[in-house]
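Residue numbers (full-length UniProt numbering), protein chains in the order written: chain V, 1 to 245; chain B, 1 to 245.
In short, the hints are calculated from the structure, not lab data.
Keep in mind it's a predicted model, so treat the numbers as computed, not measured.
It cannot be assumed that every hint is accurate.
Given that identical chains are not distinguished, each listed pair holds provided it fits within a single copy or across any two copies.
[Claimed, not checked] Straight-line Cα separation of at most 30 Å, DSBU-like style, residue types lysine-lysine; simulated pairs: (1) K94 x K8; (2) K76 x K139; (3) K210 x K31; (4) K71 x K139; (5) K209 x K240; (6) K240 x K91; (7) K70 x K166; (8) K240 x K70.
There are 2 protein chains.
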Amino acid sequence: MVSKNQIKRITGLHQKKFRNEQQLFIAEGIKVIQELYNSSFEIQEFYSTDSSLQLNNKVKPDIISETDLKKISCLKTPNTCLAVFKIAPSKPIKYEGLTLVLDDIRDPGNLGTIIRLCDWFGIEQLICSEETADLYNPKVIQATMGSIARVNVVYTSLERFLKNTKQPIYGAFMDGDVVYETELPTTAVLVMGNEANGVTATVEALIQKKISIPRFGKLQKTESLNVATATAILLSEFRKNLSGK
Amino acid sequence: MVSKNQIKRITGLHQKKFRNEQQLFIAEGIKVIQELYNSSFEIQEFYSTDSSLQLNNKVKPDIISETDLKKISCLKTPNTCLAVFKIAPSKPIKYEGLTLVLDDIRDPGNLGTIIRLCDWFGIEQLICSEETADLYNPKVIQATMGSIARVNVVYTSLERFLKNTKQPIYGAFMDGDVVYETELPTTAVLVMGNEANGVTATVEALIQKKISIPRFGKLQKTESLNVATATAILLSEFRKNLSGK
């Protein structure tokens, strides 16, 4: 059972404002919930229409009706379960290894895909501008598939971060040097810009090396690669030198 | 003005069955419509809430109300315009160059992203299994951003295509050879498998060389890369040898 008040409170978590106020977020689907539960996230509430569901044979859900699940869900076609977790504080910034920086990535799906990529490529730190999509947006949580637990995501001023780091700063630009012909270090910062406008001018001024993925189409009409696919290619280029080592 | 019958007919095009019957599809937003109009697609109907819109200073829209646009739109938040285009027949299959093959990619967003990637990397032919998401699904049309006009997409039996080609056949597998250490030819076929189940067994039997993108995460927990981001990395690896030539 969920009361009207609970429904109101959980629905509030669909919005960033209330997530920040309550320091709580929503996850849906047993796979994502189980992954978050097994990692560092503290579960607060666990609802399901299916009484046979359990987390680690231990945590049983509060059984709710399909109608109520639909009310609290963010999905058009709700799963069988929804959980509320505590937001975990970000860990302190480290100035080492390979760090990815996002300059105003607005699409939650792109952010989610990029977090999965960081996890795959062993990038433990993702620095986001304050305008980047919210990590705890339900669409991001669904897209990350639990990898959110393994990447430290920090929202901060990119100018401050880039001024403080001693690592070489690379950025993705349409007119940068061809990445395939560029020597890439294993320790660096890589900046990816906004979907429509690219890297902002103040951030661009702090970038030491511009790189790009060349276009091979004859007609040269494709405007740009999607930011998540461009990130995939560039992270692969940075990481390949470690392959087999 | 749109009549009730027109609304019914256009709404029908949200479904594959009616698109196939009528050989028509929907595009929304002036950018996508303009790109399709400028390429090989024949426009049938053009509706807008904005009387100032025109295609190449020539084609004016039928003005409709926001309420009617909402009825015929596939988007939650409709744009200001919607057009109906004729489906263009696929061109005959060529057995040359680099061809991408999709084995049951179900997500329209993934298919759209992959078509944009083909366009970027100058891959003119995309072979899809019959079970792959429909090219003319409105979500695919929105995600391709017009690059659909520059890639020949053919739905056919993958077994037949792979048996007919004389090009070397590569496939993406979790346990394949590390792509970074593999010599890749400039002319080849690359097969990408379904989001959840990978490449089907009958197709796998026809693959000559399995390749994979190694995982760098310490914990090795990320289950897999999203198929669109994996495609991005592999196409980049195939194409880079052409860079600067």
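Quiz item: Okay, which hints does this one fail, numbers in order?
Solution: Of the numbered hints given earlier, those the structure breaks are 1, 7 and 8, listed in rising order.
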